[in-house]
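K.L.:
Assemble the complex: chain X is given as a structure, and chain Y must be docked to it using the hints.
The lines below spell out each chain.
Protein chains: 2
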Amino acid sequence: MVPHLITALTGPINELEQRVLESMPAIERWFRLEWMEHTPPFYSSVDLRNAGFKLAPVDTNLFPGGFNNLTQEMLPLAVQAAMAAIEKICPEAKNLLLVPEAKNRGSFYLSNVATLMRIFTMAGLNVRLGSLDESIKEPTTITLPDATTLTLEPLLRQRSRLGLKDFDPCTILLNDDLSAGVPDLLTHLHEQYLLPPLHAGWANRRKSQHFKAYEEVSKKFAKLLGMDPWLIYPQSVAVDGLDFNTGAGLDALQSQVDAVLTKTRRKYKEYGIQEKPFVVVKPDAGTHGLGIMTIRDAKDLDALAPRAREKLAGLKSVPALSQVLVQEGVVTHERMHDAVAEPVVYMMDRYVVGGFYRVHAERAEDENLNAPGSSFVPLAFAHSSHLPAPGEKPGASAPNRFYMYGVIGRLAMLAASYELETTDPEAEDYA
Amino acid sequence: MVPHLITALTGPINELEQRVLESMPAIERWFRLEWMEHTPPFYSSVDLRNAGFKLAPVDTNLFPGGFNNLTQEMLPLAVQAAMAAIEKICPEAKNLLLVPEAKNRGSFYLSNVATLMRIFTMAGLNVRLGSLDESIKEPTTITLPDATTLTLEPLLRQRSRLGLKDFDPCTILLNDDLSAGVPDLLTHLHEQYLLPPLHAGWANRRKSQHFKAYEEVSKKFAKLLGMDPWLIYPQSVAVDGLDFNTGAGLDALQSQVDAVLTKTRRKYKEYGIQEKPFVVVKPDAGTHGLGIMTIRDAKDLDALAPRAREKLAGLKSVPALSQVLVQEGVVTHERMHDAVAEPVVYMMDRYVVGGFYRVHAERAEDENLNAPGSSFVPLAFAHSSHLPAPGEKPGASAPNRFYMYGVIGRLAMLAASYELETTDPEAEDYA
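So the sequences go chain by chain: X and Y.
Going by the numbering used here, the first sequence opens with residue 1, and the numbers climb by one from there.
Going by the numbering used here, the second sequence opens with residue 432, and the numbers climb by one from there.
Please note that a few of the clues may not be correct.
Said to hold, decoys possible - Label pairs and their calculated CB-CB ranges:
(1) Y/Ile567 / X/Glu22: 25 to 35 Å
(2) Y/Pro576 / X/Asp168: 49 to 59 Å
(3) X/Asp300 / Y/Asp599: 58 to 68 Å
(4) X/Asp166 / Y/Lys707: 48 to 58 Å
(5) X/Thr39 / Y/Gly672: 53 to 63 Å
(6) X/Asp168 / Y/Glu523: 35 to 45 Å
(7) Y/Lys519 / X/Phe108: 30 to 40 Å
Unchecked claim - If you want the ones that stay clear, here's a sample from chain Y, every Cβ over 10 Å from chain X, calculated:
(8) Glu446
(9) Phe598
(10) Pro614
(11) His619
(12) Lys650
(13) Lys651
(14) Ala858
Just so you know, the hints here were simulated from the structure itself, not pulled from any lab data.
No residue lacks a Cβ here, since even glycine has one placed at the ideal position from N, Cα and C.
The shape of chain X in the complex, shown without the other chains:
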């Protein structure tokens, strides 16, 4: 049952894998020490791209959906991690209020919600669903294709507490990424634990801040392993003041695209990589993979302007459209049954709890795969007997590869932790 994967099994990635496996105790200890200083996000998922010559995160989601894509085998790990997380946050916790995406009634998404409910129930909480959707005025039961039922209830705000009728939770878990802004219902909840914090939502979060933190983390980690951080870091730079309608800021964008392409070309030469570098331009605030452009040459941007305008016009969040992230493109060289595959790693508290390959038959290896039409195949980890085996030939072992994915996923999670510390509006200012 291990999926048949074709990965680029030569070049620097194997050296990286070997270095990572040999250094396992040192890496785990390093994480342990980092988590003494920094609080891990409550839960997260990280999209990775494995180019064969480098492996890097391209998206870190702090309101992860898709828990339903994890296999049943992975759930005990998630339950155990949820127990550890709750114990630290609110050990007396009895009730958990889960707030799903306001408008998403797709059965895939609702399966994710059902899986999260199952995990937290088994971790020892009474879980109920509070909806941000104002059209939910009384308990509304939805039946999923597998006959599971979910009941969405209207949220009740009473002074400084949020709950449901006859349900006063100590912890509120958000699964809506707040792209549409922060609802008043969720502000000033100082008596309850609101997880993740509001500033982790896309109303406030910026990809550029995340990748700045990731650069810092990857340099620290690369130092630990004595390796080049570029092997795990996609060069990233923010460009502000853009207006695709008037053309304002396009020069600045062009020169940054050029700069990233030039640096990437230099790195490719250094490692003897025969690929054509490209960059990805994406809105600096998250938009579920929408509005992402692949650019192979800076002068393509002129031609792209009208298309970009069109692409960016339909986005649900407006605030950060004037700011984009220019990021070194990382091609995915993983294939499954001829379709392009991209690993996604799921974490809860500090633990990797599972993952899968996102597979998209109709997308190219340098395109974003998080789009309609993608499907999901569990990572080898699911089929256990599959813990890393340090003795194996690099590249020869799916579990070893997955251990590496879990390490890079956790580096991105650590970066999110740094990021949230920097952007915390309630942090004391020691400057």
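P.N.:
Just chain Y, lined up with the frame of chain X:
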């Protein structure tokens, strides 16, 4: 691959299973609150007996062997639990010194040691083996049947620290139950974490203290669930001052055996159980299942005295021979391919990390199965998609049954925690 189990699927055990499943969030929260007050043993395994009408622990091992009997699927859970345990005890930990049983060179036992090394290496520690065996004077490599190699090294005691040549651990993990007494090498190690503590060893531990604590725990738990604690508690009473050679104390023993049989008979009548009650008499200090006698009638003791003497003569630990535990016998009604089966649950920190059925074809349902000739079959939990499903018909689901086993296993672990607090020689006396 789910083992074909024949369990007694009628009577009180199904009610208990149903009550346990319905109360899952309350049970998990209750454990969470208990663990705020009490420190879980570092690791443990608990032998259970499922009589169909009652389910009870019969042995709680604080130096568990047999980790090699857990399936590969279970190991990620063990690694995650080990990470959580280490983080609490010594987050800076780099080196772990594992001290295996002094004299045991059996390949099954050594596989257990290899599995423990693997778990702790993956949890981020450099693990080396220090031997209590004085014949180990230099590093000695042993090759296991699966070609794994282990290196036993001589322990080095320097003033107040224990280590190996060029290896100074912050934590020492004992896997020897100290039946033979506490070696001087292990005493007064105040600068390092010695786990489990010395008073958890059989040189000091008494089964009667454990079952006294378990009685307390089971009463608390039964109150939470509104049930009769007898359904999960084997009546247990210690008898001291025995001498099988002179016959001293045999009267007292006889009257206690009688008392336990009478109480058991009363309970059987209350629940309409058609079995013949029996008691088990065992040495109050652990002896790997040796010296355990099954008695169906108090007057059998007279006839038994010579046999008991013989049975108890070969035991490796002498101190507690004059004290025995008289315990209500719990028949095991589980069968696998006609052989008697007994579940064993493994825990690390507060987490259930796996388990298996100990199967013994040549033993009767009221005999001890922890004896040469037993074999091991993973619990259904291993074959996942197997988290508890509260909707299922009681008794119909192996995972639900295993969840209940995990709960009772953890109750016994909690009792061990109470027990070790009571017997801690360094505890402050608030009396």
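K.L.:
Each of the hints needs a verdict: does it hold here or not?
P.N.:
Status of each hint after checking the structure:
Take Y/Ile567 and X/Glu22: their Cβ atoms lie about 28 Å apart, and the range 25 to 35 Å holds. Between Y/Pro576 and X/Asp168 the C-beta distance comes to about 58 Å, which sits within the given range of 49 to 59 Å. The given range of 58 to 68 Å is respected by X/Asp300 and Y/Asp599, whose C-beta atoms sit roughly 59 Å from each other. In this structure, X/Asp166 and Y/Lys707 meet the distance hint of 48 to 58 Å, their C-beta atoms being roughly 51 Å apart.
At roughly 57 Å, the beta carbons of X/Thr39 and Y/Gly672 sit within the given window of 53 to 63 Å. Judged by the Cβ atoms, the range 35 to 45 Å given for X/Asp168 and Y/Glu523 holds: they are separated by roughly 39 Å. The given range of 30 to 40 Å is respected by Y/Lys519 and X/Phe108, whose C-beta atoms sit roughly 38 Å from each other. Interface exclusion of Y/Glu446 from chain X stands, the closest Cβ pair being 21 Å apart, more than 10 Å.
With a least beta-carbon separation of about 13 Å from chain X, Y/Phe598 lies farther than 10 Å from that chain, consistent with its non-interface assignment. The beta carbon of Y/Pro614 sits about 28 Å from the closest Cβ of chain X, which is more than 10 Å, so the claim that it is off the interface holds. The beta carbon of Y/His619 is kept farther than 10 Å from every beta carbon of chain X, the shortest such distance being approximately 28 Å. For Y/Lys650, the condition that its CB be more than 10 Å from all CB atoms of chain X holds, with the nearest at approximately 21 Å.
At the 10 Å boundary, the C-beta of Y/Lys651 stays outside the reach of chain X, the nearest C-beta of that chain being 16 Å off. Every beta carbon of chain X lies more than 10 Å from that of Y/Ala858, the smallest distance being close to 23 Å; the non-interface claim holds.
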